[in-house]
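A.B. asks: These are the residues of each chain, in order.
Protein chains: 2
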Amino acid sequence: MRAYLDCYPCFFTQALRTSKMLNLDEKKTWEILNEVSLVIPEIPFGATPPEIGRKVYQIISKRTGLEDPFKEIKEKCTRQALSLFPELKKLINSSEDRLMTAIRLSIAGNVIDFGANADFDLKRDLETILSQGFAINHYPQFCKALAKAQNILYIADNAGETVFDRLLIEELNKPVIYVVRENPIINDATREDALDSGIDRVAQIISSGYDAPGNILKFCSEDFFNAFNSAPLIISKGQGNYEGLSDEDRPIFFLLKAKCQVVARDIGVERGSIILMKK
Amino acid sequence: MRAYLDCYPCFFTQALRTSKMLNLDEKKTWEILNEVSLVIPEIPFGATPPEIGRKVYQIISKRTGLEDPFKEIKEKCTRQALSLFPELKKLINSSEDRLMTAIRLSIAGNVIDFGANADFDLKRDLETILSQGFAINHYPQFCKALAKAQNILYIADNAGETVFDRLLIEELNKPVIYVVRENPIINDATREDALDSGIDRVAQIISSGYDAPGNILKFCSEDFFNAFNSAPLIISKGQGNYEGLSDEDRPIFFLLKAKCQVVARDIGVERGSIILMKK
Chain X
5 MRAYLDCYPC
15 FFTQALRTSK
25 MLNLDEKKTW
35 EILNEVSLVI
45 PEIPFGATPP
55 EIGRKVYQII
65 SKRTGLEDPF
75 KEIKEKCTRQ
85 ALSLFPELKK
95 LINSSEDRLM
105 TAIRLSIAGN
115 VIDFGANADF
125 DLKRDLETIL
135 SQGFAINHYP
145 QFCKALAKAQ
155 NILYIADNAG
165 ETVFDRLLIE
175 ELNKPVIYVV
185 RENPIINDAT
195 REDALDSGID
205 RVAQIISSGY
215 DAPGNILKFC
225 SEDFFNAFNS
235 APLIISKGQG
245 NYEGLSDEDR
255 PIFFLLKAKC
265 QVVARDIGVE
275 RGSIILMKK
Chain L
5 MRAYLDCYPC
15 FFTQALRTSK
25 MLNLDEKKTW
35 EILNEVSLVI
45 PEIPFGATPP
55 EIGRKVYQII
65 SKRTGLEDPF
75 KEIKEKCTRQ
85 ALSLFPELKK
95 LINSSEDRLM
105 TAIRLSIAGN
115 VIDFGANADF
125 DLKRDLETIL
135 SQGFAINHYP
145 QFCKALAKAQ
155 NILYIADNAG
165 ETVFDRLLIE
175 ELNKPVIYVV
185 RENPIINDAT
195 REDALDSGID
205 RVAQIISSGY
215 DAPGNILKFC
225 SEDFFNAFNS
235 APLIISKGQG
245 NYEGLSDEDR
255 PIFFLLKAKC
265 QVVARDIGVE
275 RGSIILMKK
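Chains as they are written, first to last, in the working numbering: chain X, 5 to 283; chain L, 5 to 283.
It is possible that some hints are incorrect.
Put simply, identical chains are the same to the list, so a pair is met inside one copy or across any two.
[As the list claims (entries may be wrong)] Calculated pairs, EDC-like style, for lysine to aspartate or glutamate (alpha carbon to alpha carbon, straight line, at most 20 Å):
#  : residue 1 : residue 2
1  : Lys31     : Asp270
2  : Lys31     : Glu46
3  : Lys282    : Asp204
4  : Lys222    : Glu30
5  : Lys152    : Glu174
6  : Lys59     : Glu39
7  : Lys32     : Asp10
8  : Lys152    : Glu76
9  : Lys31     : Asp10
10 : Lys24     : Asp270
11 : Lys24     : Asp10
12 : Lys93     : Glu196
13 : Lys59     : Glu174
14 : Lys152    : Asp10
15 : Lys152    : Glu79
16 : Lys75     : Asp251
17 : Lys282    : Asp251
Note that these hints are calculated values from the structure, not bench results.
For reference, chain X alone in the conformation it holds in the complex (with noise of 0.2 Å):
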């Protein structure tokens, strides 16, 4: 999905976001806004919104000197929902369909989020969504490709969400290929944040070779392309891992919530809904 018009504003809400939640100082954040604002009209018409939040974020460390401005909250959000996890498993394993139950949690730790709307409290969203309606359910689907499938090529998307994730990879009693960022970019899942989860018990973790937050294939290491073509079934986590793949012609299945009303408009739903979609 290439940057709507509407994404525009959002590049410079989103690093104004990030800005006060560092506690920047306004004269600092002046000199992000304007470098992101300069930096825009360099990147061609047709760029995914992965491809330019990517420079936002890339700005703001540069101009903090912080590597991984998203270091604390990472580890705070999967703390926290590694302090869910024996209630969650504990619900899974009284749910009459362990799968689709697993599905929702996978779905419902995805609301944690610091790029497309941080506003999120997970309890709440965890309960919402738990009893919440899909938009587009393609579970049918899904569970015959899985009942195929080989092997699974798992994309992350947040760090705390990992964990959420883990659950659902449990559930699915295949070899799975967990992918996450090369480099820290908001508060998106790297392979730090993979085994803080402890993903490594359940999956093998490989890295997309590239730091966008949602992977953009051209950009990506020829490991993980390779990983992605052959793959018999790709399970996408998250708006920005939609943005970036949403064109390619593969096995995928979305797994997101809407948060904005640009993706929302893309897939054709309401804002807020939840999704389980084949490519």
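Starting from the structure of chain X, add chain L where the hints point.
C.D. replies: Then chain L, alone, in the frame of chain X:
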């Protein structure tokens, strides 16, 4: 009031909204957003929102070749307001406090805005504002100042709102100089819009000599500057003029609806509040 950093995303939102309103195609809109992006870093820290807004809307004019992109909209708003005029005049005639009712109506007219918030419904908003409590109400001070003043400088905001201003001017019972923008900018009132509203029947119309969507003294004409500095009582309508004049040490009464969060915070009220405030 200098531009807050929260104003930055808003400039893009305004450029985007105006481009949509003008049915510009995506490529043209993209060009406009990119030019806005390049121009913003040239603006010195501490500039006021009208100064930046002026540049944004000038880019739209230049890129579309439309000297007055809001011309039709302004004419429509003025016609709509004029159609309400007899009814509103009756309302004043039947009210206990004619001046207060006229002030409320004049603030109600301030909802006509295509910059800060284009999502208004004149008839609905009129009713709301007529019964809404003031967040800041310096009416006693206003009455006292009015009684003493030999004449009044009345700084206009938007076309259509001008008709509501005419109602208030008729209640002031003093010679009034009515200040409009030198050239078209957003839907702000120019001399032509003031004439369309019949302002010439109740006041002398002068131009500020500048075309920012809010008066900024240092850019205005000497004539305006002199009128501003000698006026015993100044009525400043709307957010844009507040943004431009809030730091000036003159006997100004600001009449406005705080339509955006930034201005509301600067004044110290809730967004949506109505204000009659002495500087």
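A.B. asks: If a hint holds in the structure, say so; if it doesn't, say that too.
C.D. replies: Evaluation of the provided hints:
no. : hint             : in the structure
1   : Lys31 to Asp270  : between (36 Å within a copy, 18 Å between copies)
2   : Lys31 to Glu46   : between (24 Å within a copy, 15 Å between copies)
3   : Lys282 to Asp204 : neither (27 Å within a copy, 65 Å between copies)
4   : Lys222 to Glu30  : neither (37 Å within a copy, 25 Å between copies)
5   : Lys152 to Glu174 : within (17 Å within a copy, 81 Å between copies)
6   : Lys59 to Glu39   : both (10 Å within a copy, 18 Å between copies)
7   : Lys32 to Asp10   : between (25 Å within a copy, 14 Å between copies)
8   : Lys152 to Glu76  : neither (40 Å within a copy, 61 Å between copies)
9   : Lys31 to Asp10   : between (26 Å within a copy, 13 Å between copies)
10  : Lys24 to Asp270  : between (29 Å within a copy, 18 Å between copies)
11  : Lys24 to Asp10   : between (22 Å within a copy, 11 Å between copies)
12  : Lys93 to Glu196  : neither (23 Å within a copy, 70 Å between copies)
13  : Lys59 to Glu174  : neither (35 Å within a copy, 56 Å between copies)
14  : Lys152 to Asp10  : neither (40 Å within a copy, 51 Å between copies)
15  : Lys152 to Glu79  : neither (36 Å within a copy, 65 Å between copies)
16  : Lys75 to Asp251  : neither (31 Å within a copy, 41 Å between copies)
17  : Lys282 to Asp251 : within (12 Å within a copy, 57 Å between copies)
Hint compliance for this structure: hints 3, 4, 8, 12, 13, 14, 15 and 16 are broken, all remaining hints hold.
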